[in-house]
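These protein sequence lines are chains A and B, in that order.
Under the working numbering, the first residue of the first sequence is numbered 119, with each subsequent residue one higher.
Under the working numbering, the first residue of the second sequence is numbered 119, with each subsequent residue one higher.
Think of the hints as simulated: they come from the structure by calculation, not from any bench.
Be aware that one or more of the hints could be misleading.
Unchecked claim - 27 angstroms max Cα-Cα, derived DSS-like pairs, lysine-lysine:
#1 A:Lys290 / B:Lys294
#2 A:Lys328 / B:Lys195
#3 A:Lys328 / A:Lys290
#4 A:Lys290 / A:Lys361
#5 A:Lys226 / B:Lys195
Quick caveat, the model's predicted, so the values are computed rather than measured.
Residue strings, one per chain:
Number of protein chains: 2
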Amino acid sequence: MKRIKIIIQFLGTNYSGWQIQPEQKTVQGEVTEAIFQALGERVDLQSSGRTDAGVHALAMPAHFDTNTKINSGNIYKAINAYLPEDIKVLSSEEVKEDFHARFDVVEKTYEYHFYASNVRLPYIDMTSARISTPFDYETAKSVCEYFIGIHDFVGFCSAGNQTATTIRNIRKIGLKKEGEKYVLSVTGDGFLYNMVRIIAGTIIEVGQGKIKAQDLPSIIESKDRARAGKTAEPRGLVLKNVKYK
Amino acid sequence: MKRIKIIIQFLGTNYSGWQIQPEQKTVQGEVTEAIFQALGERVDLQSSGRTDAGVHALAMPAHFDTNTKINSGNIYKAINAYLPEDIKVLSSEEVKEDFHARFDVVEKTYEYHFYASNVRLPYIDMTSARISTPFDYETAKSVCEYFIGIHDFVGFCSAGNQTATTIRNIRKIGLKKEGEKYVLSVTGDGFLYNMVRIIAGTIIEVGQGKIKAQDLPSIIESKDRARAGKTAEPRGLVLKNVKYK
Chain A
119 MKRIKIIIQF LGTNYSGWQI QPEQKTVQGE VTEAIFQALG ERVDLQSSGR TDAGVHALAM
179 PAHFDTNTKI NSGNIYKAIN AYLPEDIKVL SSEEVKEDFH ARFDVVEKTY EYHFYASNVR
239 LPYIDMTSAR ISTPFDYETA KSVCEYFIGI HDFVGFCSAG NQTATTIRNI RKIGLKKEGE
299 KYVLSVTGDG FLYNMVRIIA GTIIEVGQGK IKAQDLPSII ESKDRARAGK TAEPRGLVLK
359 NVKYK
Chain B
119 MKRIKIIIQF LGTNYSGWQI QPEQKTVQGE VTEAIFQALG ERVDLQSSGR TDAGVHALAM
179 PAHFDTNTKI NSGNIYKAIN AYLPEDIKVL SSEEVKEDFH ARFDVVEKTY EYHFYASNVR
239 LPYIDMTSAR ISTPFDYETA KSVCEYFIGI HDFVGFCSAG NQTATTIRNI RKIGLKKEGE
299 KYVLSVTGDG FLYNMVRIIA GTIIEVGQGK IKAQDLPSII ESKDRARAGK TAEPRGLVLK
359 NVKYK
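Build out the structure end to end from the sequences listed, making use of the hints.
This is how it looks when you write it as structure tokens:
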């Protein structure tokens, strides 16, 4: 028996998120089935975390145990043969038997992609959220720094959050312009349920003038979900990177 | 009667290119039909040029004549109501009656997006071509400058090119890295049939070591299609910008 770590990239558009659910097409379901087809084993596939319906991943780590004789570095190729076009495994490697894709995470980076337009932009719409204009980029950018550091983010998570503590450390956050779209990048030791989407929604509302920039510190301190912005829609969110100890 | 210029953005994945063809889903066909639904008129919609099946556009200009009483600046909204999600009109304006979306073009910019990987990358695959590794970015980048200026590009067009002359002026060309992908940007006074895709294919083969960088000047001078690279696949190509006199 060996433990294998894989890195998965997927376009989440057509999936009901990561976690296996009855009657739903999920990423965990598709990859687990592809592993069964490739290796002949029903494995317990554990990822770095769950993603919601419609959310994407550039590099989501996951692990499983197997008795296969296929070379560890080639397992991803065998799995890919059974995966649809919108889910692929980028690599596979043997890891220590106590490695855990979720519990050993020390840092995650998400990006939130969006564009401000009164018209849908078909070329970028699959992986970006459309927001209404006007949107003031400089004002939105100016509030990012308030999120940095250790805060109780209980006001920035949705009902259903199941973590023991709501204190998280945001190490880096930045907003940049890339062609027609804006990209918010957030790096932290971990995130609460919907936390990145609520941070994105809040920063977007600052840019739209719905939330005042100078109110941000007190909104974070208030721990009041009602004072933060709306949860930004899932299509703009992508898990970019996960680091382990 | 007034002449209206519109700017169209589309994801070309599901279309047999721009031009109306029997039994095919085309961008010209969809937009012409949407104009008919919105304005009640069958118009002759002329774009800046034809795009092949699978090619995208960020901003493709087109014009048509209409007797509609809808305010020119609002016509695009009426049309969008009848367009599918992967084609949208970004703006509409009245132009002089002798404006022509194709004949008045003075400059076009295309981008070619690609990534080098042995695995499909689902997050970027819809609008980027996958090429095989290894790919040496610096070497590929180094040959871009050879294309600049006025050349006879007859060796860089496909059979079926219908232009009077095969001499074209490339004003700007550059290759940059954006995250996981490479973006080749080419600006010129016009392009022959498949010219950007053949230039992209050639630069890609230089990066892959299939064509030697130092051979590029003689390949261009030879006017021999067989010495240039393969025509890169359509999904990576996007019409970015068109300028008029």
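Checked hints:
1. Using a Cα cut-off of 27 angstroms, the hinted pair Lys290 of chain A and Lys294 of chain B holds, with the two alpha carbons roughly 25 angstroms apart.
2. Between the alpha carbons of Lys328 of chain A and Lys195 of chain B the distance comes to roughly 25 angstroms, so the proposed pair stays at or under 27 angstroms and holds.
3. At most 27 angstroms may separate the alpha-carbon atoms for a hinted pair to count; Lys328 of chain A and Lys290 of chain A meet this at roughly 24 angstroms.
4. For the suggested pair Lys290 of chain A and Lys361 of chain A, the alpha carbons sit about 14 angstroms apart, so the restraint of at most 27 angstroms is met.
5. For the given pair, Lys226 of chain A sits about 41 angstroms from Lys195 of chain B by alpha-carbon distance, which is inconsistent with the 27 angstroms threshold.
The structure shown violates just one earlier hint, number 5.
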